[in-house]
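All chains, please: the whole structure from these sequences, using the hints.
Residue-level listing of the chains:
Protein chains: 2
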Amino acid sequence: MAIKIGILGYGNLGRGVECAVRQNPDMELKAVFTRRDSGSVKILTESARVCPVEEAPQWKDQIDVMILCGGSATDLPEQSPEYAKLFNIVDSFDTHAKIPEHFAQVDASAKASGKVAVISVGWDPGMFSLNRMYANAILPEGKDYTFWGKGVSQGHSDAIRRIKGVKDARQYTIPVEAALEAVRSGSEPELTTRQKHTRECFVVLEDGADAAGIEEEIKTMPNYFSDYDTTVHFISQEELDRDHKGIPHGGFVIRTGKTGWEKENRHLIEYRLQLDSNPEFTSSVIVAYARAAFRLASEGQSGCKTVFDIAPAYLSSRTAEELRASML
Amino acid sequence: MAIKIGILGYGNLGRGVECAVRQNPDMELKAVFTRRDSGSVKILTESARVCPVEEAPQWKDQIDVMILCGGSATDLPEQSPEYAKLFNIVDSFDTHAKIPEHFAQVDASAKASGKVAVISVGWDPGMFSLNRMYANAILPEGKDYTFWGKGVSQGHSDAIRRIKGVKDARQYTIPVEAALEAVRSGSEPELTTRQKHTRECFVVLEDGADAAGIEEEIKTMPNYFSDYDTTVHFISQEELDRDHKGIPHGGFVIRTGKTGWEKENRHLIEYRLQLDSNPEFTSSVIVAYARAAFRLASEGQSGCKTVFDIAPAYLSSRTAEELRASML
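Heads up: the protein sequence lines correspond to chains A and B, in order. The first sequence lines up with residues 38 to 365 when you count with our numbering. The second sequence lines up with residues 38 to 365 when you count with our numbering.
Think of the hints as simulated: they come from the structure by calculation, not from any bench. Relax, there's no trap hidden among the hints.
The list makes no distinction among identical chains, and a pair is therefore deemed to hold if it is satisfied within one copy or across any two copies.
In silico DSSO-like links for lysine-lysine, alpha-carbon gap of 30 Å or less:
id : residue 1 : residue 2
1  : K41       : K180
2  : K97       : K41
3  : K300      : K282
4  : K135      : K256
5  : K300      : K79
6  : K187      : K233
7  : K79       : K122
8  : K204      : K79
Here the structure is a predicted model, which means the values were calculated and not measured.
In structure tokens:
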């Protein structure tokens, strides 16, 4: 019988989860829950319902895993502990500094209800975290590097859009190839923020806006741009819509380390993602962990888990025997 | 208290395990067991004993995890089921086709004794397997590729050394850059054996040997070389000893796949290893899984496990809280 999935929140991530569920024949989307007028929300899956979020509790026994597709700033800190009282859940909480606090709140809630909650699932946090952890366990003496991009940073794009005179904008984070090569050499370089990434901005101006002033304002913006080498291109709305409508992302997790009695041998472990669609890939990871959440709950487990706590085999639709025979 | 480690078999892998244990302060090497005259085996760890393999059973209560460093052809099929009767064990059984059979035998033995046995640990099988599995679970619609090298193939080097007139030889397996690029493009190419890897051989001849004949014999050797583009270099023993004494290896596990309602978005997941020392890296993976074996056994688990069955956090010396705070 298929694993019955619910989606809470139908933005880019929710739509991504819907698409990912369709690619996994052992899963079935039952319902999408929205805070918007549910009549106005059109989904792709004909067999699934769209319901107002208030009705979610009534679906308690008809949904195996509820996937929370809200944002980390305000939605998930409230929703994850709340919905873990009723459902097995998966979220993609990505405010790294607040993960311990989020974990504690969700864990208390899920332990009390006997449900499984998997938090901070996606690629960073998520697959990148896993790769950092495995590489550190294997090579205890070494150095970690994470590079992001080439990809769209929503936060940086928003920051540009808030500047007076800017109509629209898209910002790409780009890893510096020379820094990547220095890391891969095993020399364990110390790299500054500026040495690791550059920022490229495509900006559509309002009529009569001051291009030079806006370029200066972007390049000197504290936290967002002032520590980076930033390039600004002014383009038309048509060009932005045509050439920059995707949400690509990706990056590299690299650890170099030494082994041997005299630490005479060097090793490189590199994990790389190159993603056409950040939300769809994130969703694909989430859906694999929804399978794991369902199985862990079926075994009687409860409480909050992260990618570190879940044995890989739980993610796969194949049996342990099939995995050993085909992938080991 | 440190996890007490035993090593069975003191070749390249056994020495690698000894070095890796030294890099993990929560572990302690207690003894090395050898089939050779134990008085003639010199190890690096002053505090550890060297014992004849017959004495291993007497160490039953003094060793938490016995690491089996024998070969997959004849040693491990006998040793792993046998030693799992007495110890928690880790092995690096790497005959992919025989893993299901090996698993069944070790599982029966470890379940009967209440011990934990982790088999087929290293990088392939091992970390490469994990990456194949994770990537398949995340991107159910896609295609897998594994490339090996640049690295020394012991089996191919041995095959050359068996040719009459060859004094010594070293063979490198090299992935074809154009094939890697074709795979990374997401075009999901079908690649022949010849298109994926080339083979480079460094050969020392006996005095008066027929170079042209030997080159021809290498290049046309069935199974080993005839399906590849092979280059043969004749060099002196001094050159071989000076330039080719290392045992580097590595490779790439790549999966490309599609997501989206119309499968309109492509993604690339790539895991890469570049290793100065194949046996030392393999040993480093094994030692991390020895920690996991100890912990699983401490929780009362038993039976045979593979890398698919073990939650990542078990590999790390850090607590779950530390991992969440520092690596997620």
